[in-house]
Amino acid sequence: MVVANKTTGQSSSVRPNRLESSDQLRSLSLSLSLSLRSIRIPRPYTMPSRRRTLLKVIILGDSGVGKTSLMNQYPSMRDHGESYTQFCFLLYVNKKFSNQYKATIGADFLTKEVQFEDRLFTLQIWDTAGQERFQSLGVAFYRGADCCVLVYDVNSMKSFDNLNNWREEFLIQASPSDPENFPFVVIGNKIDVDGGNSRVVSEKKARAWCASKGNIPYFETSAKEGINVEEAFQCIAKNAVKSGEEDEIYLPDVIDVATVGQTRSSGCEC
Amino acid sequence: MNYLIGAFKPSCNISITFSDAKTRKQVPFKKENGQTVMLPLFQSQENIYGKISVEPVPGKKVEHNGIKVELLGQIEMYFDRGNFYDFTSLVRELDIPGEIYEKKTFPFEFSKVEMPYETYNGVNVRLRYVLKVTISRGYAGSIVEYQDFVVRNYSPPPPINNSIKMEVGIEDCLHIEFEYNKSKYHLKDIIIGKIYFLLVRIKIKNMDLEIRRRESTGSGANTHVETETLAKFELMDGAPVRGESIPIRLFLSPYELTPTHKNINNKFSVKYYLNLVLVDEEDRRYFKQQEITIYRLEENSSVPS
Amino acid sequence: MMADGHEDEEKWLAAGIAGLQQNAFYMHRALDSNNLRDALKYSAQMLSELRTSKLSPHKYYELYMRAFDELRKLEMFFKEEARRGCSVIDLYELVQHAGNILPRLYLLCTVGSVYIKSKEAPAKDVLKDLVEMCRGIQHPVRGLFLRSYLSQVSRDKLPDIGSEYEGDADTVTDAVEFVLQNFTEMNKLWVRMQHQGPAREKEKREKERSELRDLVGKNLHVLGQIEGVDLEMYKETVLPRVLEQVVNCKDEIAQFYLMDCIIQVFPDEYHLQTLDILLGACPQLQPSVDIKTVLSQLMERLSNYAASSTEVLPEFLQVEAFSKLSNAIGKVIEAQVDMPTVGVVTLYSSLLKFTLHVHPDRLDYADQVLGACVKKLAGKGKIEDNKATKQIVALLSAPLDKYNDIVTALKLSNYPHVMEYLDNETNKVMATVIIQSIMKNKTQISTAEKVEALFELIKGLIKDLDGTPDDEVDEDDFKEEQNSVARLIQMLCNDDPEEMFKIICTVRKHVLTGGPKRLLFTVPPLVFSSLKLVRQLQGQDENPFGDDTTTPKKIFQLLNQTIEALSSIPAPDLALRLYLQCAEAANDCELEPVAYEFFTQAYILYEEEISDSKAQVTALHLIIGTLQRMHVFGVENRDTLTHKATGYSAKLLKKPDQCRAVYACAHLFWVDDQENMKDGERVLICLKRALRIANAAQQMSNAARGSTGSSTLFVEILNKYLYFFEKGNPQITVASIQSLIELITNEMQSESTTPDPATDAFFASTLRYIQFQKQKGGAVGEKYEPIKA
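Protein chains in written order, with full-length UniProt numbering: chain Y, 1 to 270; chain S, 1 to 305; chain G, 1 to 789.
Rather than coming from a laboratory, the hints here were simulated on the basis of the structure. Beta carbons: idealized from backbone N, C-alpha and C, even for Gly. Take the hints with a grain of salt, since some may be wrong.
Stated by the list, open to error - Over the 10 angstroms line for every Cβ pair with chain Y, so calculated as not near, a few chain G residues: (1) P57; (2) H58; (3) Q152; (4) R155; (5) E177; (6) D214; (7) H221; (8) E236; (9) D260; (10) D364; (11) G379; (12) K411; (13) N441; (14) K509; (15) K554; (16) G625.
Stated by the list, open to error - Simulated pairs of lysine-lysine, BS3-like, Cα-Cα distance not exceeding 30 angstroms: (17) G:K688 x Y:K102; (18) Y:K224 x G:K128; (19) Y:K102 x G:K117; (20) S:K188 x G:K235.
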């Protein structure tokens, strides 16, 4: 049996001819980096980099509060401008809301492109397992998060009470450089259930908690009806963008310019 | 040393140009001194023609016993340095004995030249094509100028190209079956295949596929064999169990291969092998080597897959 | 050793991170200067850090996540390259030139993701190629992470319904096929781990496997999220394929975990519609798999689903969920011969909860479950395993919780049979649970038949099982449980006297078997419960239907016998109190002989059984108090009883007690609202006798201690004088009061008297009372006027 190779077999076209690069540019960025050893620098001084446009968002909360549904209901915005509303609508129609609980295993993310102040960002939204037994590898993925969304079910007091645990656990595990000002967003989901009659956590109570934790923005949503989901994620994106503007820059211990030059000329491994 | 250079400075410049130099493809060629230069590329049966001009140093004349141009195909063995074996030698007389006072240009042409072998730069042997212009002089020695060019010969896809399939093993220890999709590959080809593990009783650490070149020079007692590993391509990481099949997909284009050369003029041969190497946790190596044929595929011809 | 290993691991991780960061740094620079070749070179070097074998899955995950984050940047670069017109196909080839397989495959997956996005090739072809190429990593940890990377980057690019990568009609099939294949390969790697490495590291290996499990399970989550996987596809393809893998891998850890995953990641309605398939797999699992937890989780999920809305219940009926689950459990238990009892009971407990939720009206189902459980328990004798008995309690509590009503549970004929298998201790626990349920829900248990059944259930509390009293029982625990039985007895009632009488008889029958220790607790409530019935009947006409009907007389008869049972303890104090209670009730029923009989019983006890002086005092005052309230007695009977009581009084051990009892007896001759019971003279006799005794008491104390005792008794008697004086007893004269006051005053002023502030205060307030009555004026004032204090 021969392994078929449909995708690559016929490729005989020229490979991208990008092997040479501007030495000037390289040495410039090198000297710049050397002068800025591992310090936090606000955006205008950093070199233009694509990594700034990638934002990481973590959704946390008890099992069954609707984290996965929220993530799924958040439409991506590849098209923006006027056609956007239309596009949004289409997606809601397409993505059937599932009323039934389906556990999440491990961590799962989707990426969505968002436009913010004329810039395009890629939002990496991490949905997590609410059940501890489905989080066997730990939470290394918290690292480098730009925003954390805490979700609870307005019909479950326990899920609200646990927000504090989720928040603290996140701060410990992700250990952001400035925990006091790390952006959280709180979402009270499932406001649609039973016409709001089975609700046990009042908006007032939730807002009070958010206020006590440093004025965390608060949203009440229904992933099922698509209520307020868009607004919540706009806020999440906004906060993530702000947070993402400050970033640690890694610098290697020793930069041997000669070695760099040499390895460069000896060609790539592939 | 200036005076020496001055003393031995040839009294004229010889330049050799190909008529189609502007349109002819050029390829990089590594010279003996390690420098890479661009040389025109030819193939067998092509017409090689152009001009040779001889320009004496101003104020001097060149007195000669005749001028000729030779097209030589040479094989040079490194252990027998300086001894060239010419397997092709064509000569064109350019000028009868006389004197040259000013720049003089001679057209030349070799039609439909038979150049059966490709230019080759190996470990112990070199095969090259060269145009040699000689201005014969009596007492002062001849003035000689060389112009290398490269020859590559293309083949159509082979009409028969069977896969290589084999079951190998060590009894009660390791049984594998491997398969390479072809036995003949062109230089930009892709080796596709798989390894199927029928029995695994050893703890394998990894498995590589190597491309090895075996250059054999000389004959009889003087045979020199040089084997180089041109590619070491990791196929598998970890220990498989019975029933696993591991895919092979190796692109040949990144490697500097030449076509297989079988018995070039009884002087040398170049053969290629695929060597499948399994390494166990105690770093014991288990391998199986299979010869493959490499050929230079005619551009624009499609390969049956 | 362990600590060193851990430290080393930290070091290796740090080194890995450092290497990764360094190469990432150069990769970034290459990306910033659009240098594709360098970007590939450094990314490959960066990824080489993932080739390590030294890290545990947890630590490896940390390293992996860092590489993962870096690869996102590379992916964006590839996207930009593609946007700028660089052929993704070429990129796809280019990354495959890498010599090391692990970096090569990470890069391939990364470009593959861009390749799919570019739509230059059908998503399914790219995915198929990727999942196939990943076979090159046979190292379990590295392979699992690589494939998990593949799963993650392809996650939003699966050709699903409504996805932009939707292809032809087979779109979803392609996506499912891809995920299933990746899942299968990952599971194989995961299972293989178990058999690699030395046997002594089994525990470590299992811990590592446990850490890695979510990487495998994640695929099932992805399948659960694919929109196009409708019920049909789930039933025909997804579930059978997944189960095939689960069953065939023959690995305990994997089977248990994956079954749990299946149950959790797919929706309830799918489970309902595929119960046959899912349950069919259970008996095929390894015998060591904790199947009971798996099935319990399934049933719990379905129970919650049923509880969520009544609208879904028809689904359950339609697929005959109950019988399927029931069968499956039976088969599993049969297949797993060695399943411990706890497993068996847990399964039935879950099934019972399930049927209670889904078929609340089908009590027969619940009974079937209990019956099946009994069958499996048969022959095992009393269950010793702690966990198992706990599960039985859970099993038996389920119907109580569901119906909030033991009455319903009592209809379950197998209920008591299950209880049979409980050891005595747990039997009691269960009995307590039952009683608590009754208390909590104020359940009416209103027929003798039900009471009979109930007492059969709680017999662990009612009597010593096996006939031997358990000496090791904690006293407090015992009290508590018996108190709860007492409360239960009070709860049993029926407005129909006939039935109530039957209930009482039933309770009595059981209670009397309880032995001396329990009777103390159980007889009183039984007596009071009976007296309550008596009170209920007392207004009604006597016996219109002849002797068969319940009459107070009959009840009293029974009571008499009931109280008599206490003699076995013996508990004369208690019995006496109860006799007196009965006598009073008989009095209210105008049953003189009955009342007399009870008094007689009380007197006999007093004379024969109560020997302690303090107890005698208490008992005697009870007798006097009760007798005083009796109106049913004729003169003769009353005289006899009164005479005896006064006689007992005089015979008490201590003088002060005698004195107090005697003046109390004065009340026996003066009953307020009965004119024929106002014998002033005998009242006076009693009081005078009391005075004499008081006097004697004081002298005795004088003799004994050289000082006179307190004058308290005199003050007390003065108060009695005042009482009867006020009631209009003509024998009590102003003069007699006056002289008593003087007597007391003298006594208190006497030097030999020990000063006693309490008595002083008592006397002073008595005098103040006289003063107060005087000032009242009117008839009372006039009456008191002559007394000088």
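- Which hint numbers does the structure go against, in order from smallest to largest? Going through the list in order, the structure violates hints 1, 2, 3, 4, 6, 7, 9, 17, 18 and 20 and respects the others.
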